[in-house]
Amino acid sequence: MKRGDRPALELAERLCLPAEALGQLRLTLVGKSRLLAENHRGILDYGDSCIRLAAVGGSVSILGAGLGLEAMNRRELLITGQIRSVEWDG
Amino acid sequence: MREWKDLLFGLAELEYGSAEPEQLLNRAAGMGLRLRRPRRVDRVTLRFFLPEDQLDRIREAAARGGGELRILSRRGGSRLRGLLRRRIGLLVCLAAALSLFWGSSLFLWDFRVLGCETLTKGQVLRALSDCGVDQGCFWPGVDVDLLRSRMLLKLPELKWMTLRCTGSRATVLVVERGETPGLPGEGRADLVAGKSGQIASLSVLRGREQVSPGQMVTKGELLVSGRVESITAPPREVYALGSVWAETWPELIAVCPAQQRGKETVRAHNVSFALKIGKNRWNFPLYTGNTLDECDTIVHEYKLGVEGLFSLPVSLIREDRIRWEESVVSADLRGEMEAHLKEHLEGRVLSCDCSAGERDGLLFVALRAHCLEDIAVTVTGGA
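Residue numbers (the working numbering), protein chains in the order written: chain F, 1 to 90; chain C, 1001 to 1383.
Mixed in with the good hints, there may be bad ones.
What the hints assert, rightly or not - Here are some of the chain C residues that sit facing chain F, going by a computed Cβ distance under 8 Å:
hint: 1; residue: Asn-1026
hint: 2; residue: Ala-1029
hint: 3; residue: Gly-1030
hint: 4; residue: Pro-1038
hint: 5; residue: Arg-1040
hint: 6; residue: Lys-1279
Claimed, not checked - Take a look, some chain C residues computed to stay more than 10 Å from chain F by CB distance:
hint: 7; residue: Leu-1035
hint: 8; residue: Arg-1037
hint: 9; residue: Arg-1039
hint: 10; residue: Leu-1046
hint: 11; residue: Ala-1096
hint: 12; residue: Cys-1137
hint: 13; residue: Cys-1352
hint: 14; residue: Arg-1368
hint: 15; residue: Gly-1381
To be verified - To give an idea of the interface, some chain F residues facing chain C are shown, with a C-beta separation under 8 Å as derived from the structure:
hint: 16; residue: Gly-42
hint: 17; residue: Ile-43
hint: 18; residue: Val-86
Just so you know, these hints were derived from the structure itself, not from any lab.
Even for Gly, the Cβ is constructed at its ideal location relative to N, Cα and C.
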């Protein structure tokens, strides 16, 4: 996490603002098969069993089998497949 | 839907090779390109699908990343258009067939009449034809209300009719005027025996019965009187109603020539075909033309279309001509007499006995039946 991120997060909490409003990664997991990532910073690694996303303050690995990118734009991406785990890497 | 769009506008399968192929995904997302089904082949290769119209932009994105982009295959789009261009004749025929089908569905080629009881289908169709609705009629121009008014004037037996058009098929629904149930008349009426017989049961709704079950009655005898007497009031005269079931023994006698001439089918027959388009008919070369006098012609018409859905103005006509010869056959009156008896009987036949004899070339047949029937006949005015 960048040096300026923590005060900004604290301020957001005091103002009752959602963290994603400040660009924090928001993950929505629907069952085991769909994952929607908002506020991503791009794909770092792409494969059938692991997709690694860049995010504010680190990266997130989505692990599973038969993973695929269903849709992607500058802000959001949708991953489908059998998702086993989501790991925060940094 | 997306598959159809891809087929129309074209879809290409691409392979991108680079040290970091994921960067193409990020760059494409930044440019608003949507890569379809991206999959990693190995550490340096990524395969995906993309609409053909976005190829230039993905090439630009790939060039910026320093990778190599290769088109593996194309489907739909320009390839499909090229394929269709080579089959322009086929497409024109298809378009013409579709236009013909659509155009013909605006005209009536097939009529179905429902609801006829006393009127025949032919009478209804002839009246329709007189009103301007015939084969080949442009049905969107038919005003059903006006047609109904004209038809009701033409056929007084009709109470209501409508025309429903489905494609090129017209369904004519008619409702005929039924006889209104008669009300019991006013004044006095008696029930008398229409036939001689033995009373089996009585069911008197109005009037006073004059006979009882088991009693023999002769034709014209009073069964139920319309004069009702009372000990507290003067006699009343009513319209007698009821049914009187009696056992009867009718006898029918018929005479006819013992030998009759009839048709006997000869195996030889020929078949001919003709094509009918609209109201025009073309006979095929093998068509024999004029029918032979001693032939029965059975006409089969096969309409082109889907039964119950639509029909085209094209039909194949097959005519079977079956030759027959005259032959002498023995007369059989028993069946006809039984049918005649049942047709004129208001009840049922319990048993039937028939005897026949031949004299001077004539056949004499006597039919004696044992029946149970309603013999009551209304006689107005009273005795």
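Do the hints match the structure? See the list:
1. Asn-1026: This interface hint holds because 4 Å falls under the 8 Å limit.
2. Ala-1029: holds, 5 Å
3. Gly-1030: holds, 6 Å
4. Pro-1038: Given a least distance of 5 Å, the restraint on Pro-1038 (chain C) holds.
5. Arg-1040: holds, 5 Å
6. Lys-1279: Result: violated, 60 Å to nearest chain F Cβ.
7. Leu-1035: Leu-1035 (chain C) not clear of chain F: closest Cβ-Cβ about 7 Å, inside 10 Å.
8. Arg-1037: At about 7 Å from chain F, Arg-1037 (chain C) fails to clear the 10 Å cut-off, so the statement is violated.
9. Arg-1039: violated, 7 Å
10. Leu-1046: violated, 7 Å
11. Ala-1096: Label holds. Min Cβ-Cβ 43 Å, cutoff 10 Å.
12. Cys-1137: The assertion about Cys-1137 (chain C) holds, with a minimum of 55 Å to chain F.
13. Cys-1352: The claim stands: Cys-1352 (chain C) keeps its Cβ more than 10 Å from every Cβ of chain F (closest is about 81 Å).
14. Arg-1368: holds, 88 Å
15. Gly-1381: Holds, since 93 Å exceeds 10 Å.
16. Gly-42: holds, 4 Å
17. Ile-43: holds, 4 Å
18. Val-86: violated, 18 Å
Violated hints, in rising order: 6, 7, 8, 9, 10 and 18; the structure is consistent with all others.
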